[in-house]
Amino acid sequence: MADPIHQFEIIPLIPLEVAGVDIAFTNSSLWMLIGIVLSTLTLSMATRRKALVPGRLQVMSEMLYEFVANMIRENIGSAGRQYFPLIFTLFMVVLMGNLLGMIPYSFTYTSHIIVTLALAMLIFFTVLVIGVIKHGLSFFSFLVPPGVPVWLFPLIIPIELVSFLARPVTLSVRLFANMMAGHLMLKVFAGFSVSMLGLGAAGFFAGLVPMFFNVILIGFEFLIALLHAYVFTVLSCIYLKDTVELHH
Amino acid sequence: MMDRLKKLTGLTFCALALGVQSVFAADPHHGAEPVEGGAGLPQFNPEYFPTQIFWLTVTFIVMYVIFSSRILPDISGILENRRSHIDGDLETAERLRSEADSVQESYESHLNTSRVEAKNLVNGVHASMKAKAESQLQQLREKAEKDMHTLEVRLQSAKNEAMEQMGSIAAEAASEAAAKIMGAPADLAQAQNVVQLISKREAA
Numbered sequence: 540m541a542d543p544i545h546q547f548e549i550i551p552l553i554p555l556e557v558a559g560v561d562i563a564f565t566n567s568s569l570w571m572l573i574g575i576v577l578s579t580l581t582l583s584m585a586t587r588r589k590a591l592v593p594g595r596l597q598v599m600s601e602m603l604y605e606f607v608a609n610m611i612r613e614n615i616g617s618a619g620r621q622y623f624p625l626i627f628t629l630f631m632v633v634l635m636g637n638l639l640g641m642i643p644y645s646f647t648y649t650s651h652i653i654v655t656l657a658l659a660m661l662i663f664f665t666v667l668v669i670g671v672i673k674h675g676l677s678f679f680s681f682l683v684p685p686g687v688p689v690w691l692f693p694l695i696i697p698i699e700l701v702s703f704l705a706r707p708v709t710l711s712v713r714l715f716a717n718m719m720a721g722h723l724m725l726k727v728f729a730g731f732s733v734s735m736l737g738l739g740a741a742g743f744f745a746g747l748v749p750m751f752f753n754v755i756l757i758g759f760e761f762l763i764a765l766l767h768a769y770v771f772t773v774l775s776c777i778y779l780k781d782t783v784e785l786h787h
Numbered sequence: 159m160m161d162r163l164k165k166l167t168g169l170t171f172c173a174l175a176l177g178v179q180s181v182f183a184a185d186p187h188h189g190a191e192p193v194e195g196g197a198g199l200p201q202f203n204p205e206y207f208p209t210q211i212f213w214l215t216v217t218f219i220v221m222y223v224i225f226s227s228r229i230l231p232d233i234s235g236i237l238e239n240r241r242s243h244i245d246g247d248l249e250t251a252e253r254l255r256s257e258a259d260s261v262q263e264s265y266e267s268h269l270n271t272s273r274v275e276a277k278n279l280v281n282g283v284h285a286s287m288k289a290k291a292e293s294q295l296q297q298l299r300e301k302a303e304k305d306m307h308t309l310e311v312r313l314q315s316a317k318n319e320a321m322e323q324m325g326s327i328a329a330e331a332a333s334e335a336a337a338k339i340m341g342a343p344a345d346l347a348q349a350q351n352v353v354q355l356i357s358k359r360e361a362a
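Protein chains in written order, with the numbering used here: chain A, 540 to 787; chain B, 159 to 362.
Okay, chain A solo, but in the shape it has when bound (with noise of 0.2 angstroms):
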């Protein structure tokens, strides 16, 4: 049985070293270029006409404007507008990610931890450092919900703090845990088949059941990976309210 583990592992294409760190590109790497080129040819191919009435590429990326736009209005307010290529570029990559893992034989950046991890503390320090910027020291009042008595403080405020420094480890561990999960587990099904095939007759029949199986987990798959990157995107808005209001 094939190892299911394999489609994770990273092969270097072509090495590359700067200043002693081995920053190679590899198959990571390649998906990620083919996701930059899929989306901006595509979003660009789509705008390109500027049409009033729109075909259905250029409803497509307006739909998906749209979309984001409304994430950013309803979790931020309007003032998250000036987050909004950085909220839609997160969007786009982490949505390039989950969709072109679904390929075969493809790569799924997204189900990295390091991956996930550096676009969470993008977040996390885009909050940070916005915050302190805007609001001065002020901003670590998020610790301290409105309304709470005085001698909770010494209970609240570790656990709001303990709560924000959870923040990049649970949205990075979530969204790679899922692809991960997932991909191991077409993997492993597909797998039930493969070796099933061997046993003769009886075995493909046998493995006709795994397959059926499969085919529902692809779907489901897809569905894991839009609403993902949905959820990766709406946490980072939720997250970046901080920067805009204090006190939610």
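Take these hints with a grain of salt, some might be off.
[As the list claims (entries may be wrong)] Each computed SDA-like pair below joins lysine to any residue, with the alpha-carbon atoms no more than 20 angstroms apart: (1) Lys780(A) / Val671(A); (2) Lys589(A) / His243(B); (3) Lys589(A) / Ile224(B).
Think of the hints as simulated: they come from the structure by calculation, not from any bench.
For this one, chain A is given, so just place chain B on it according to the hints.
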């Protein structure tokens, strides 16, 4: 025949699907040698952390630049353009509607004033005609009364004349009758006096 065909296509589908399945399971690198480091998941192998972070950063920056400089302004321009277009159309429609309303209003007020005018005109004509008819009727009545009066006067004078003549005729007849009866000529003047006396008594 049909059944067999169906079975055959079903089996072919399953075989094809299984083929796809083997694609999922395929392992291009043969063999399941343990991943180096023995950590199990390649995700936790720190060897590739720098390259992953580097290329993710590159990807993110490139996408951010392209999106924020070209694609997002394009899309928002399209949406803005469409919104302003629709707003303009709505505004035009609103303006045209209010214009139509004012035209309708002026039409109605015109209609009203002309209706009132027509009514006044008809009333005036009616009144003037009535007045004219009345005055003419009055004139006619006056004229008729005058005519009747003159006629009455004439009638009276004729009657008086006739009466007078009747008196003289009666006197003559009486004097002649007296002459015949008595055989002597009667006094005409005396007869006339008698007749006058009688007619006066009757009149009284």
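Distance restraint between Lys589(A) and His243(B), which requires alpha-carbon spacing of 20 angstroms or less: Roughly 13 angstroms separates the two Cα atoms, so the pair holds.
Pair hint Lys780(A) and Val671(A), alpha-carbon separation not exceeding 20 angstroms: 13 angstroms, holds
Pair hint outcome, Lys589(A) versus Ile224(B) [Cα-Cα no greater than 20 angstroms]: 17 angstroms, holds
In this structure, every one of the numbered hints holds.
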